[in-house]
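Make a model of the complete structure from these sequences and hints.
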Amino acid sequence: MRTADVKRLMDAMAAAGVIEVELERQAEGGVTERLRLLRAGPEVALGAAPGAASVTTRDTAEPAVVTSIADVPAAPPLVDVVAPIVGTFYDSPAPDSGPYVKVGDRVQTGSVLCIIEAMKLMNEIEAEVAGTVAEVLVKNEDPVEYGQVLFRIDPG
Amino acid sequence: MRTADVKRLMDAMAAAGVIEVELERQAEGGVTERLRLLRAGPEVALGAAPGAASVTTRDTAEPAVVTSIADVPAAPPLVDVVAPIVGTFYDSPAPDSGPYVKVGDRVQTGSVLCIIEAMKLMNEIEAEVAGTVAEVLVKNEDPVEYGQVLFRIDPG
Amino acid sequence: MFKKILIANRGEIALRVLRAARELGVKCVVAYSVPDETSLPVLLADEAICIGPAASAGSYRNVRNLLSAAIVTGAEAVHPGYGFLAENAEFAEKCEEHNLVFIGPRPETIAGIGDKANARRLARAAGVPVTPGSEPLPHLEAAAAFAKEIGYPVILKAAAGGGGRGMRVVQSPTDLERSFVNAQEEARAAFGDPTMYMEKYLEEPRHVEIQVFGDGEGNVVHFFDRDCSIQRRYQKMLEEAPSVLDDGLRAAIAESAVRLASHIRYRGAGTCEYLVDRDGGYFFSEMNTRIQVEHPVTEMVTRVDLVQAQLRLASREPWWLRQEDVRVDGHAIEARINAEDPEKDFRPSPGLVSDVHWPGGPGIRVDSHVYAGYRIPPYYDSLIAKIIAWAPSRAEAIARMERALRETVIEGVATTIPFHLRLLDNAFYRRGAVTTSFIARRMTS
Amino acid sequence: MFKKILIANRGEIALRVLRAARELGVKCVVAYSVPDETSLPVLLADEAICIGPAASAGSYRNVRNLLSAAIVTGAEAVHPGYGFLAENAEFAEKCEEHNLVFIGPRPETIAGIGDKANARRLARAAGVPVTPGSEPLPHLEAAAAFAKEIGYPVILKAAAGGGGRGMRVVQSPTDLERSFVNAQEEARAAFGDPTMYMEKYLEEPRHVEIQVFGDGEGNVVHFFDRDCSIQRRYQKMLEEAPSVLDDGLRAAIAESAVRLASHIRYRGAGTCEYLVDRDGGYFFSEMNTRIQVEHPVTEMVTRVDLVQAQLRLASREPWWLRQEDVRVDGHAIEARINAEDPEKDFRPSPGLVSDVHWPGGPGIRVDSHVYAGYRIPPYYDSLIAKIIAWAPSRAEAIARMERALRETVIEGVATTIPFHLRLLDNAFYRRGAVTTSFIARRMTS
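Chains as they are written, first to last, in this note's numbering: chain R, 1 to 156; chain C, 1001 to 1156; chain P, 2001 to 2445; chain E, 3001 to 3445.
Some hints here could point you the wrong way.
Here are the simulated SDA-like pairs of lysine to any residue, each with C-alpha atoms no more than 25 Å apart in a straight line [said to hold, decoys possible]:
| id | chain 1 | residue 1 | chain 2 | residue 2 |
| --- | --- | --- | --- | --- |
| 1 | E | 3004 | P | 2424 |
| 2 | R | 139 | P | 2408 |
| 3 | P | 2003 | R | 88 |
| 4 | P | 2004 | R | 142 |
| 5 | R | 120 | P | 2424 |
| 6 | P | 2004 | R | 96 |
| 7 | C | 1120 | E | 3107 |
| 8 | E | 3027 | P | 2003 |
| 9 | P | 2004 | E | 3405 |
| 10 | P | 2003 | E | 3107 |
| 11 | P | 2004 | E | 3399 |
| 12 | P | 2003 | E | 3425 |
| 13 | E | 3094 | E | 3233 |
| 14 | E | 3003 | C | 1119 |
| 15 | E | 3003 | P | 2004 |
| 16 | P | 2003 | E | 3396 |
| 17 | E | 3003 | P | 2408 |
| 18 | P | 2148 | P | 2182 |
| 19 | E | 3004 | P | 2074 |
| 20 | C | 1139 | E | 3396 |
| 21 | C | 1139 | E | 3427 |
| 22 | P | 2004 | E | 3149 |
| 23 | C | 1120 | E | 3097 |
| 24 | P | 2003 | E | 3329 |
The hints are simulated quantities; they were obtained by calculation from the structure and are not laboratory data.
And the structure:
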């Protein structure tokens, strides 16, 4: 079963108000395919039930053990700094100077993190939160596109 | 049963306000296909009932063990008589005589049930089981195609 | 030929340019907005670069980001498609400033002929007939005076306009004030320029246009005519080539278009639009300085790839076109399939396209960026496919188009296909009695 | 024109006939076998009628059920497509007996030219060159004697044959016995007729064929040539029109085909196949009395709808074709997309097609009965799509075909698209150095 099929079923469920799908079948090559989809029903929307929504697909000849995905670990609370324009990324104010920031540096709100050059204009990109630079995702002189993540800041 | 088919059924259910569909059939190669669709009714939307909506499809030659399928009613044990050739269906040996059989008639194995004319040749179609004619599905002089069900016989 | 170009557009025209370029061995960078990340041109691109958010002001109309995208990806040229910045002289100029080839006319041509009042002056200078019309009208009083001079009905148009915006037909003096003010407001909102002018309004004219192609030095060939009369609220719904005209009139109109394009030393692909009245009078109305949505019907009857021609000219291939090589064979019709619900006053119907099946077989061309699983975003034009049918005659092309539309499956969103089928079945349409008021007058449901 | 016809075939050719008929306003009854119930021609048919089980002997080759189906549905004519009963003289005769028009040549033409030994005699009588070849060979000794006379290498062929079955190249006397016996057995199994004959084997010839169309009274026009040299085990993989020949040779071959077809007063669409050797010698090899798989390349370069022409002739429209109206414009290539895995020795890969995306844009035609969700049955031919690319020149057609194949998505089954892409990229192919041994000699992976 392809991702696109699973996705179509999900869309169909939502559109048709179906809240559970179970599917089991013998696919080519003796492979057993099992799919279980659980949608949060309207009662969840009303706060009545804690029903976990889960998707499990399994392509295997062995019995599928379907379990709900529970306890998704909390995402690390890093803050993305994204490119607001398209251009060339520079990590330093001049070729012979050191980078504005590197991993582990503390930054303040408004600290310049890098420059993006667009059409020969240098645009300084500033931090919007204070914190520690956790990741630098682009290299000096890389082209960057709109919305591309440049840095991750740990505001902790 | 394809994903697209399941999806279409779901859409059709939602459109028609149908909340339950059960389907069981013999597909190619002796495979049993089962499908059950339950839609959350309006009472769920009001938060009144915990009724789980479920869809179960199964393509397998072995018995389906899927808990949400409950009590699929046994199909009536009628035997289909199908057209072995393409042609024109005649219910009687001649225009002025009565039909070979009608609903309620007892037939024996080998009893002539009808004629199919193909390329000016009259082909007698015989019963392959003894029993009672439960249904006649075509009318005199109808064209019939290969595999079309002509009669249903109750062998009981 | 270029090694790499940037496509500064989206949807079917981005795909069209990509196909033309790829066949010439040119790599394509597709610039896209955030919601277009999963669009077909992006999926098929050699490189794709996000240039802004959904709103086109920040993306497809964002000059800085588009140029920056071309520069950082090493593209040599920019194809603007149609719409967005395609007829923006400033964008064309900025491309040149940054040593990027703008695949289109010179900036000064766009500015000069893009202004409709100026276009009429240029046409007159080239000996091309125009409808009686005014200079820019500074105020309502000037409009009223001019209308009185040429007689009602008249039509108000935005000098910077296109696509029917800022346009009003005025039947009598009592309607003038309201129409003038509304049209000005619409023009200001759409183009940032409220300048209006007025023309004599022709009743039930045909909309005929001539595809021209110039080398920028005064050499111009034409690729004959298209009829685009089938419009709904000034939006073209179906186009065909050739138009239903006698050959003498066709030749006269085409020659006048070549005169105008040659007069302004036009460069690349352009279209001169005319209104043709019931007596065979023809009047230049405007020139579009871009490749047009309906260019495929011309490609089908002339078998010339106009987008490849744009790329060849822009990459400075020596001029190769000769008028005597351009021939029209047969008839082509294009149905513009929009994601709109014809049952609900053509309300846009964006959303998930759950299934698609395109028509095939002889004489059928499909230009579409839609695929099964594609979600049509609500932010842009509702055009989702162009289905083009070619056949030896108009009647056969209509039959083929009907056949093709009946094969077409688009699930999940409403489309204009049912409307197109009704149109093709209309007896007036079938006998070629088409005018710009056809849909309004002949298709009331 | 007919009101209603029966299509006695399946797959893409059933759809091709349906499209042609529908555009002429003809209703179509599609005859189908049990597993083809969900096939596209059945879904699109005006009427569909099940004519038997999966095995073609009980369905698509079942004369009684097909004729019965035509009769009970009130069809006036039967289109046999290609394969199955298309070249079965008895079927054509039975159609006539039951007052059904067989859309094809007369039964006696099929029988006469369908026998390969007889076809060679007819060709000689019409002054058409044939390869040195034998009469039917009663036994191995006769074969050995004839081979000695004309010199090795030789090729053994089944008199009733086609598609490479019952065919063997023999390089030397030591291989003759085994080849002769095996070919006889194969011919008996495939055609129920073990009769063999022998021809001089040409090394690295081109397979060139001429599309002809006759009125049955001796008037014949030709639609020029196709090159079908790109074959794998005698199965055509890719065809193009025109072939890479000089125009004098092309004209000579075409004229000889017209001579033969006129000599036998050929009716409808047919193909004369030739082998062309390295010195420009050309030799008639056989005539196919049907519309062929590869007919679209001819349609693309001549812009004539050959299937509609079949329907028009069969419905007794007065003869309208004139040789001087037939012109070739540009170049067309057809890729036969099979559900076969080129990585696994072209093993068939039937099964569920979970997703499909066809190519579009200028110059592309797709003939396919496949849709997303269609299950390719394992019982029939593995051809699932024909993708045809037209462009002004051969080099541009190759580029366009590559572009189109790279856009094509067929998920769920293996296809020959990767093979076709390798082929198009082959330097020998690109410069036109194609012979029937091209794949075997130039494409070892």
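Here is how each hint holds up against the structure:
1. E:3004 x P:2424: holds (23 Å)
2. R:139 x P:2408: Violated, at about 48 Å.
3. P:2003 x R:88: OK: residue 2003 of chain P and residue 88 of chain R at ~21 Å, within 25 Å.
4. P:2004 x R:142: holds (19 Å)
5. R:120 x P:2424: Given that 25 Å is the threshold and the Cα spacing comes to 54 Å, the pair is violated.
6. P:2004 x R:96: Measuring from Cα to Cα gives roughly 32 Å; hence the hint is violated.
7. C:1120 x E:3107: holds (22 Å)
8. E:3027 x P:2003: violated (51 Å)
9. P:2004 x E:3405: holds (21 Å)
10. P:2003 x E:3107: Violated, at about 58 Å.
11. P:2004 x E:3399: Since the Cα atoms of residue 2004 of chain P and residue 3399 of chain E sit roughly 17 Å apart, the hinted pair holds (cutoff 25 Å).
12. P:2003 x E:3425: Judged against 25 Å, a Cα distance of about 19 Å means the pair holds.
13. E:3094 x E:3233: violated (34 Å)
14. E:3003 x C:1119: This hinted pair holds, its Cα atoms lying about 21 Å apart.
15. E:3003 x P:2004: violated (54 Å)
16. P:2003 x E:3396: holds (17 Å)
17. E:3003 x P:2408: Roughly 24 Å separates the two Cα atoms, so the pair holds.
18. P:2148 x P:2182: At roughly 20 Å apart (the allowed maximum being 25 Å), residue 2182 of chain P and residue 2148 of chain P satisfy the hint.
19. E:3004 x P:2074: Judged against 25 Å, a Cα distance of about 60 Å means the pair is violated.
20. C:1139 x E:3396: violated (60 Å)
21. C:1139 x E:3427: At roughly 66 Å apart (the allowed maximum being 25 Å), residue 3427 of chain E and residue 1139 of chain C break the hint.
22. P:2004 x E:3149: violated (62 Å)
23. C:1120 x E:3097: holds (12 Å)
24. P:2003 x E:3329: Between residue 2003 of chain P and residue 3329 of chain E the Cα gap is close to 29 Å, so the pair fails against 25 Å, i.e. violated.
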